[in-house]
Amino acid sequence: MTRRTTRWIPALCVALLAAVTLAGAVEAQQPKRGGILNIADPVGPPVLDPHKDGSYQSSGMVLTIMYEGLLIRDEKGELRGHLAETWKAVSPTVYEFKIRRGVTFHNGREMDSSDVKYSFERVIEPKTGSPFRAIWSVIDKVEAPDKWTVRFTLKYPSAPFLNYLAGPYAHQIVAKEAVEQHGDLNQVAVGTGPFKLVEYVPDSHLKLERHAGYWKKGVPYLDGLNIRIVKDESARLAAARAGATDMTYVTAVNAPAVKADRNLTLVEGDNVFYGMTLAQFIPNASKAPFTDQRVRQAMNLSIDRKEMVDTVVFGSGVVSGPIPPGMGPFAVKPDYRVDVERAKALLREAGHPNGFKATAKVSPQYPLDVADCQMIKAQLGKIGIELEIQLVEWGQFLKEWLGGNYDTVCLTSGPLADPDAFTYDYFHSKSPRNRAKFVTGELDDIVTQARQAVDPAKRRELLVEAQRRIQELAPVIYLYSANGFEVHRTPVKGYKPNRISRYGLSETWLDK
Amino acid sequence: MLRFLSQRLLVLVPVLLGVSMLSFLLLYLIPGDVVDILMGQESGEPARLAEMRRLFGIDRSLPARYAEWLGEALRGDLGRSFVTKRPVLSEIMTAFPVTLQLTAASLLVALAAGLPLGILVAVRRGRASSIGISLLVLLVLSVPSFWLGILLILVTSLYLHWFPPQGLVLLWVQPVEALKQLLLPSLALGLALGAMVMRMTRSCILEVLAQDYVRTARAKGIAETLVIGHHALRNALIPVVTLVGLQFGYLLGGAIVIEEIFSLPGMGRLVLRSIAQRDFPLVQGVLLLAGTGVVLLNLCVDMLYLALDPRLRRR
Numbered sequence: 003m004t005r006r007t008t009r010w011i012p013a014l015c016v017a018l019l020a021a022v023t024l025a026g027a028v029e030a031q032q033p034k035r036g037g038i039l040n041i042a043d044p045v046g047p048p049v050l051d052p053h054k055d056g057s058y059q060s061s062g063m064v065l066t067i068m069y070e071g072l073l074i075r076d077e078k079g080e081l082r083g084h085l086a087e088t089w090k091a092v093s094p095t096v097y098e099f100k101i102r103r104g105v106t107f108h109n110g111r112e113m114d115s116s117d118v119k120y121s122f123e124r125v126i127e128p129k130t131g132s133p134f135r136a137i138w139s140v141i142d143k144v145e146a147p148d149k150w151t152v153r154f155t156l157k158y159p160s161a162p163f164l165n166y167l168a169g170p171y172a173h174q175i176v177a178k179e180a181v182e183q184h185g186d187l188n189q190v191a192v193g194t195g196p197f198k199l200v201e202y203v204p205d206s207h208l209k210l211e212r213h214a215g216y217w218k219k220g221v222p223y224l225d226g227l228n229i230r231i232v233k234d235e236s237a238r239l240a241a242a243r244a245g246a247t248d249m250t251y252v253t254a255v256n257a258p259a260v261k262a263d264r265n266l267t268l269v270e271g272d273n274v275f276y277g278m279t280l281a282q283f284i285p286n287a288s289k290a291p292f293t294d295q296r297v298r299q300a301m302n303l304s305i306d307r308k309e310m311v312d313t314v315v316f317g318s319g320v321v322s323g324p325i326p327p328g329m330g331p332f333a334v335k336p337d338y339r340v341d342v343e344r345a346k347a348l349l350r351e352a353g354h355p356n357g358f359k360a361t362a363k364v365s366p367q368y369p370l371d372v373a374d375c376q377m378i379k380a381q382l383g384k385i386g387i388e389l390e391i392q393l394v395e396w397g398q399f400l401k402e403w404l405g406g407n408y409d410t411v412c413l414t415s416g417p418l419a420d421p422d423a424f425t426y427d428y429f430h431s432k433s434p435r436n437r438a439k440f441v442t443g444e445l446d447d448i449v450t451q452a453r454q455a456v457d458p459a460k461r462r463e464l465l466v467e468a469q470r471r472i473q474e475l476a477p478v479i480y481l482y483s484a485n486g487f488e489v490h491r492t493p494v495k496g497y498k499p500n501r502i503s504r505y506g507l508s509e510t511w512l513d514k
Numbered sequence: 006m007l008r009f010l011s012q013r014l015l016v017l018v019p020v021l022l023g024v025s026m027l028s029f030l031l032l033y034l035i036p037g038d039v040v041d042i043l044m045g046q047e048s049g050e051p052a053r054l055a056e057m058r059r060l061f062g063i064d065r066s067l068p069a070r071y072a073e074w075l076g077e078a079l080r081g082d083l084g085r086s087f088v089t090k091r092p093v094l095s096e097i098m099t100a101f102p103v104t105l106q107l108t109a110a111s112l113l114v115a116l117a118a119g120l121p122l123g124i125l126v127a128v129r130r131g132r133a134s135s136i137g138i139s140l141l142v143l144l145v146l147s148v149p150s151f152w153l154g155i156l157l158i159l160v161t162s163l164y165l166h167w168f169p170p171q172g173l174v175l176l177w178v179q180p181v182e183a184l185k186q187l188l189l190p191s192l193a194l195g196l197a198l199g200a201m202v203m204r205m206t207r208s209c210i211l212e213v214l215a216q217d218y219v220r221t222a223r224a225k226g227i228a229e230t231l232v233i234g235h236h237a238l239r240n241a242l243i244p245v246v247t248l249v250g251l252q253f254g255y256l257l258g259g260a261i262v263i264e265e266i267f268s269l270p271g272m273g274r275l276v277l278r279s280i281a282q283r284d285f286p287l288v289q290g291v292l293l294l295a296g297t298g299v300v301l302l303n304l305c306v307d308m309l310y311l312a313l314d315p316r317l318r319r320r
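In the order they appear, the protein sequences are chains A and B.
Here the first sequence stands for residues 3 to 514, numbered as in the working numbering.
Here the second sequence stands for residues 6 to 320, numbered as in the working numbering.
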């Protein structure tokens, strides 16, 4: 060969090398199929029936992978069609949904409008014993005029209705034959979701495998999921560090250890599972001296929320009002100031110049609540209110709090799907979920209007006004909203976290 | 012998009746019920709650509920768990083998460590090695077993990069995996028990070695190993058998803390969960089993005495 002809050989080599490297780089971005993801969860679902389990924070970790609803929320919190392709409001109380074709249940049968009708009627039926019946009893009737259309007629206009169709309260579509064959869905799961149940041992583990007939083409990428219930947080963290589990959850105290480990990624935020909790201090508004608004406002003025966030959750949270800031633009960012002098003055006006004694009940099953209580005790001590903290076991705590047998409680609630729950459910005098025994009826008007305002702009206005009034009356002393912490081993890719759903596992893949 | 056995087995009847009545009463007295737990913070309309209570059957009077439960139990039906809706018997049969294998493994560790050490320390009494071992054992005894458990997990996972498989692995289903799983928790439990066994063995042997017949045996020229192994040990073992028997019965009820740390779905976790959830049928079932276990175990221990102590056989 002459010199001329051999000059292109090095150039060709470089070109080939570049091509191979580029291909490699591009390939690294493409999801890889296959593999089993190991997950360690702190709690497991007591039963698998999506219409019967009231503890969506445990069952939500599993049910959101096996079952689906008509709508779903995307990363921005916007409602999107899921099992329903399109929908429209025919009138303020009538909604029509077009059902997606080609959706198969785990047993192979295609889903249609009769399944939607069946599912919602099952939730509303008193004999089912669903804890979420109250939410869906806004429905007057469900009709399936043809195979691909469902029509809901409501008893009154309801702003939260569409939001609730995206979950997490018994919004899932189930297969009628599964219920008839087994009596209930407590130990079996026949849904339409990306993964189907293979094995379930309560309080121990669940094995799920890929639903080959899943309606969304191309997903899920994983072959299956191995979910183990590991209650102890240090054991979960050790499992993640040793590679025995690929995904798990921790609290703020273990976040530094996760960050220090090269093999682990920490996902933190309010839109992460167990995120957007709402820590509260709730006085009994039906019991003296808390019946007096001035006493409640005095307490509101003496609590330093920023100090609590820094101390209890090491800064991983935000100060919050009645609606946690992460919920949406209608959540008002509170402007709390600590004013001990004004607080003392209010107490004097209310007839307690030297403060008073009261008890604060809290459940030791929730250590963060106990920490909150201790800080509140210290802070309220400055204005002369002496709190005696009583540690009460959870079952007993529920009984006493719900029965109105308390002075104050320290409690955290989990994320809720719609602001209506934070306003109407908590504060309407006739609401069975009235949080603070606030039954004067002063908030009834505004919360009812906000519930029925279907127009988003009007609703936002009303919600803002409701929050302002709630803060003024202070039936609940709001503290902060904490972040959730998810731990992933580095090969876990593609998971989009969400505080009430693990549907993101449908697009997760293992890079190994 | 047969009469002795049947007499002892008859004791089961009043014991189980007593246990079931007491636990029913206690559960009833504890504030809160399964409906409160299931509804949690979202608990609502009184009508709804009353209806749920009726569905669970917990709205009736206590004697009526006990009578119904007793009737069914006598027919072998322990009912269904309020929370998981599975039959109580199958819940227990899922958890019991896990506890059984943990208990057996822990006892093996305890005996393997405690007996030889106890004998060694007794025989070499006063020597430096004996004092050293005693101190070490005292340390193990003072440390809580759950702390030991967490420490073991940390050490093996962080430094050896080995984490035991968690969850339900049965010995007769997957022997190798099960042994891997049992290693750390049985060490955590077994070492603590082994320390007790060692101390008991040591003091019993010392006591026996001071007896006249031992002096006689030594005077007769019998080898020391035979003196201790044959003459002394059998007599010294009786209190040790009592200790181990009692501990076995106690452990069968579930080593709650160890099971929580190692995520073993055994009786301990089952009991804890069912009480926290006010799951009446499940608690009753578990306590019934525990009561039966204790009675049967005491019977076995007594039989073991008969084997060990010929003086008892003459009665």
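The set of hints was computed from the structure by calculation and includes no laboratory data.
Don't be surprised by glycine CBs; every beta carbon is placed ideally from N, CA and C.
Treat the hints loosely; a few may be bogus.
Unchecked claim - Straight-line distance between alpha carbons at most 25 Å, and here's what the computed DMTMM-like set of lysine to aspartate or glutamate pairs gives:
#: 1; chain 1: B; residue 1: K90; chain 2: A; residue 2: D306
#: 2; chain 1: B; residue 1: K185; chain 2: A; residue 2: E179
#: 3; chain 1: A; residue 1: K432; chain 2: B; residue 2: E56
#: 4; chain 1: B; residue 1: K90; chain 2: A; residue 2: E395
#: 5; chain 1: A; residue 1: K129; chain 2: B; residue 2: E229
#: 6; chain 1: A; residue 1: K439; chain 2: B; residue 2: D217
#: 7; chain 1: B; residue 1: K90; chain 2: A; residue 2: E127
#: 8; chain 1: A; residue 1: K359; chain 2: A; residue 2: E309
#: 9; chain 1: A; residue 1: K100; chain 2: A; residue 2: E87
#: 10; chain 1: A; residue 1: K233; chain 2: A; residue 2: E211
#: 11; chain 1: A; residue 1: K439; chain 2: B; residue 2: E182
#: 12; chain 1: A; residue 1: K129; chain 2: B; residue 2: E73
#: 13; chain 1: A; residue 1: K209; chain 2: B; residue 2: E73
#: 14; chain 1: B; residue 1: K185; chain 2: A; residue 2: E235
#: 15; chain 1: A; residue 1: K143; chain 2: B; residue 2: E73
#: 16; chain 1: A; residue 1: K129; chain 2: B; residue 2: E50
#: 17; chain 1: A; residue 1: K308; chain 2: A; residue 2: D263
#: 18; chain 1: A; residue 1: K209; chain 2: B; residue 2: E50
#: 19; chain 1: B; residue 1: K90; chain 2: A; residue 2: E123
#: 20; chain 1: A; residue 1: K129; chain 2: B; residue 2: E182
#: 21; chain 1: A; residue 1: K219; chain 2: A; residue 2: D234
#: 22; chain 1: A; residue 1: K233; chain 2: B; residue 2: E50
#: 23; chain 1: A; residue 1: K157; chain 2: B; residue 2: E265
#: 24; chain 1: A; residue 1: K143; chain 2: B; residue 2: E265
#: 25; chain 1: B; residue 1: K185; chain 2: A; residue 2: E87
#: 26; chain 1: A; residue 1: K495; chain 2: A; residue 2: E463
#: 27; chain 1: A; residue 1: K157; chain 2: B; residue 2: D64
#: 28; chain 1: A; residue 1: K157; chain 2: A; residue 2: E463
#: 29; chain 1: A; residue 1: K401; chain 2: B; residue 2: E182
#: 30; chain 1: B; residue 1: K90; chain 2: A; residue 2: E87
#: 31; chain 1: A; residue 1: K384; chain 2: A; residue 2: E463
#: 32; chain 1: A; residue 1: K401; chain 2: B; residue 2: D82
#: 33; chain 1: B; residue 1: K90; chain 2: A; residue 2: E463
#: 34; chain 1: A; residue 1: K384; chain 2: A; residue 2: E395
#: 35; chain 1: A; residue 1: K335; chain 2: A; residue 2: E80
#: 36; chain 1: A; residue 1: K439; chain 2: B; residue 2: E73
Unchecked claim - Pulled a few chain B residues facing chain A out of the computed Cβ check, cut under 10 Å:
#: 37; residue: L27
#: 38; residue: L31
#: 39; residue: I42
#: 40; residue: L54
Quiz item: Holds or violated: are the alpha carbons of K157 (chain A) and D64 (chain B) at most 25 Å from each other?
Solution: violated (32 Å)
Quiz prompt | Straight-line alpha-carbon gap K384 (chain A) to E395 (chain A), limit 25 Å | solution = violated (29 Å)
Quiz prompt | 25 Å Cα cutoff - pair K209 (chain A), E73 (chain B) | solution = violated (37 Å)
Quiz item: Hey, K359 (chain A) versus E309 (chain A), does the alpha-carbon distance stay inside 25 Å?
Solution: holds (23 Å)
Quiz prompt | Straight-line alpha-carbon gap K90 (chain B) to E127 (chain A), limit 25 Å | solution = Judged against 25 Å, a Cα distance of about 19 Å means the pair holds.
Quiz item: When you check the alpha-carbon spacing of K90 (chain B) and D306 (chain A), does it fall within 25 Å?
Solution: Given pair K90 (chain B), D306 (chain A) is violated - Cα atoms ~46 Å apart, limit 25 Å.
Quiz item: CA of K185 (chain B) to CA of E235 (chain A), is that 25 Å or under?
Solution: holds (21 Å)
Quiz item: Are the Cα atoms of K100 (chain A) and E87 (chain A) separated by 25 Å or less?
Solution: Holds, at about 6 Å.
Quiz item: Taking 25 Å as the top limit, are the C-alpha atoms of K90 (chain B) and E87 (chain A) close enough?
Solution: Cα-Cα ~36 Å, so violated.
Quiz item: Is K439 (chain A) within 25 Å of E182 (chain B), Cα to Cα?
Solution: violated (54 Å)
Quiz item: Is K129 (chain A) within 25 Å of E229 (chain B), Cα to Cα?
Solution: violated (77 Å)
Exercise. Answer holds if the nearest beta-carbon of chain A is closer than 10 Å to that of L27 (chain B); otherwise answer violated.
Key: violated (19 Å)
The structure is inconsistent with the numbered hints 1, 2, 5, 6, 11, 13, 15, 17, 18, 20, 21, 22, 23, 24, 25, 26, 27, 29, 30, 31, 32, 33, 34, 36, 37, 38, although it conforms to all the rest.
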